[in-house]
Amino acid sequence: MGHTTSALRMTGVSRTYGAGEAAVRALDEVSLDLAAGSFTAIMGPSGSGKSTLLHCAAGLEQPDAGQVTVNGQPMPRGSETRLTRFRRERIGFVFQQYNLLPTLTALQNATLPLTLAGKRADRARAESLLTEVGLGGRMHHLPDQLSGGQRQRVAVARALITAPSVVFADEPTGALDTRSARDVLALLRSTVDRHGRTVVMVTHDPLAASYADTVVFLADGRLDPSGELRRPTPDAVAARLAHLGDRAVRVGA
Amino acid sequence: MFVLALRSVRQRPGRLAATLLAAFFGATVVIMFNSLHDTARQPGTDPAGTESLTLTAGVVGGYGTLLVLLGIASTLTVTVRQRAEEMALLRRTGATPGQITRMVVGEALLVAAAGALLAIAPALLAGRALVARFHETGQVAAGVDHVLGPIGLGAGLGITLLAAAGAAWLAVRRALRARSRRPVTRTIAGALALVAGAGGVGATFAMEPTEPALMAAPAFGSILIAAGLAAFSAPLLRALSTMSGGALRLLLGAGGHLAVLNLRRRADELTGVLMPLILFVGMATATLCIQAVESDAIAASGLTRSTEDKNLETLNVVVVGIVAVFCCLLLINSLASATAFRRREFGQQRLAGATRGQVLRMVGGEALLLVLTGILAGTPAALAGVLAFTAVRTGTVRPAATPGVWLGVVTVAALAAGLAGLLTAIRTLRTPATVAVAA
Chain A
1 MGHTTSALRM TGVSRTYGAG EAAVRALDEV SLDLAAGSFT AIMGPSGSGK STLLHCAAGL
61 EQPDAGQVTV NGQPMPRGSE TRLTRFRRER IGFVFQQYNL LPTLTALQNA TLPLTLAGKR
121 ADRARAESLL TEVGLGGRMH HLPDQLSGGQ RQRVAVARAL ITAPSVVFAD EPTGALDTRS
181 ARDVLALLRS TVDRHGRTVV MVTHDPLAAS YADTVVFLAD GRLDPSGELR RPTPDAVAAR
241 LAHLGDRAVR VGA
Chain B
1 MFVLALRSVR QRPGRLAATL LAAFFGATVV IMFNSLHDTA RQPGTDPAGT ESLTLTAGVV
61 GGYGTLLVLL GIASTLTVTV RQRAEEMALL RRTGATPGQI TRMVVGEALL VAAAGALLAI
121 APALLAGRAL VARFHETGQV AAGVDHVLGP IGLGAGLGIT LLAAAGAAWL AVRRALRARS
181 RRPVTRTIAG ALALVAGAGG VGATFAMEPT EPALMAAPAF GSILIAAGLA AFSAPLLRAL
241 STMSGGALRL LLGAGGHLAV LNLRRRADEL TGVLMPLILF VGMATATLCI QAVESDAIAA
301 SGLTRSTEDK NLETLNVVVV GIVAVFCCLL LINSLASATA FRRREFGQQR LAGATRGQVL
361 RMVGGEALLL VLTGILAGTP AALAGVLAFT AVRTGTVRPA ATPGVWLGVV TVAALAAGLA
421 GLLTAIRTLR TPATVAVAA
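Protein chains in written order, with the working numbering: chain A, 1 to 253; chain B, 1 to 439.
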């Protein structure tokens, strides 16, 4: 393990919402170290802090304490503009609700991160990425002319366009039918296997989690002390989740 | 459905603010000018005063009312469109198109009525102040007090409610149609407005140069032509966006790139924002220039100008100015509302890697192209009326003061549109991007 470079490292990351009596500690000193070329799923009951973890790791939210490094470089703090510049060159993000821009075609959406970074929109690369995700014939369609699964595949192409150190996916199959969900998951899997990308995915579907190499579990803002689950099967994931749920209830009671 | 409308008004006061403001501003203008009719009709008003009040109420009040009708209607077009998603949701949960129409129109009526009722007190004060100016300038005998009666109230409420309900009905009908094809109603209405406007401008030539109401025909003509051109302004905006794409990208970077793509795709939806812009440029340039030409004509008639004449000139500019200010407020209101509605879109852009600065440059670039379209369509509308008036009144086709007035109006339009867009965007961008896309 010692020689593998770490694509994402979080050390003692905490995030609290609200103040005083109403304060909610969404993340409580979470530490994670993910190797380059790995596919990790993050699971936990709702309200466990999964989305906050993903947002803090991806630079969409600033943690109150702790540090995040991407490919060895510390995430800047303070101004949103600096954070945005850091993020758009190193991090790709796939959202549950796609978040494609409605006035841009599939191709324009896919090249948007490059355009925003002031780089030449690499059309050839975008076209080959879109072809790879199966949308070679629909590059000039607007998002509302595409199905949910197709939109999510455009979003995957957009997340990959800058050759990011880490790709984050927040419930990427949450709004899709079973078949489209399978396509998107296979696509994420192949970006790891064929292109050596690092993928971190939040999901609460055990079947989706089984596409990952490793599953980490989160409850009440902390990583489950029983450790991660390697080479997950849907059944094993479901069993751990049920166990996690039981314990959460016991702790709460 | 009326209960549903009432509930939805109560639950969402913020989103109805634009409609409420437009109704409020509009009703204030209509009530204020039409109350001059009430004042003129009360027993004991001197004949000269009656004539002077009726003339102002008829001319400025007349085209002011037309502007209010158009302004409220275009605001409603913008605000009803913003609810397309909600209407789709209601449909999926089993509401019939008729029920949705009744809800949206009912809501528009409620909000417009509230705006009109709120306008009564300020309109009363403004009307009093206006009649005081008539006293000062000796147009109306000092003993004649301002009265707000059935004409002012009736016109204020009637026009506001009619415009709101009519526009809401048209907009909801368009929204409920599966896929909007060519906007047929808009094309027909636009063509009719152009024909009527040309008629108004033409009618100027049939009038006597010294006719007191001579200004009415070209002013109405300009406003109608502006409204007609606004209906056809989408292709102009699209062409302008395509043409200036390179320059805007060079000037504003990725923000300019996004501005061009947005405007090309949304040109049709933006007619509701272009309407008040074009109306403002057309109406303010036309009426202020016509007033300047009229003042010069009086001066040139050889009579030495008394202080009274100068006072009258000021009064006329004040009266025209009130309507111009209304148009400007309407323009700010609709642009601010359209920008605030884009919270989710701004969030999506930021999540895709846009900095706040890039989003603001995009908004600024869009405002720039909208204003350019407004100038390109509003200027010919204004010129038509001004040239006709100048030709009849002075026998020449060189209107005085026009370049200066035009420059002033265009500057105000650019500042109003730019600031309304940018300040609203800055406020909208305070919401974290992750929250903005979730809402």
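These are calculated hints, taken from the structure and not from any lab test.
Just so you know, not all the hints are guaranteed correct.
Ranges of calculated distance between the beta carbons of each label pair, as one might list FRET restraints [said to hold, decoys possible]:
(1) A:Arg179 to B:Arg92: 20 to 26 Å
(2) A:Pro74 to B:Pro97: 54 to 60 Å
(3) A:Gly227 to B:Gly94: 47 to 53 Å
(4) B:Pro97 to A:Asp33: 53 to 59 Å
(5) A:Arg179 to B:Thr93: 54 to 60 Å
(6) A:Arg222 to B:Ala84: 31 to 37 Å
(7) A:Gly20 to B:Leu407: 54 to 60 Å
(8) A:Ala239 to B:Ile426: 32 to 38 Å
(9) A:Gly78 to B:Ala132: 52 to 58 Å
The beta carbon of each residue, even a glycine, is placed where N, CA and C say it ideally should be.
Practice problem: Against the structure, test the hints numbered earlier, and report the numbers of the ones violated in rising order. | Solution: 5, 6 and 8
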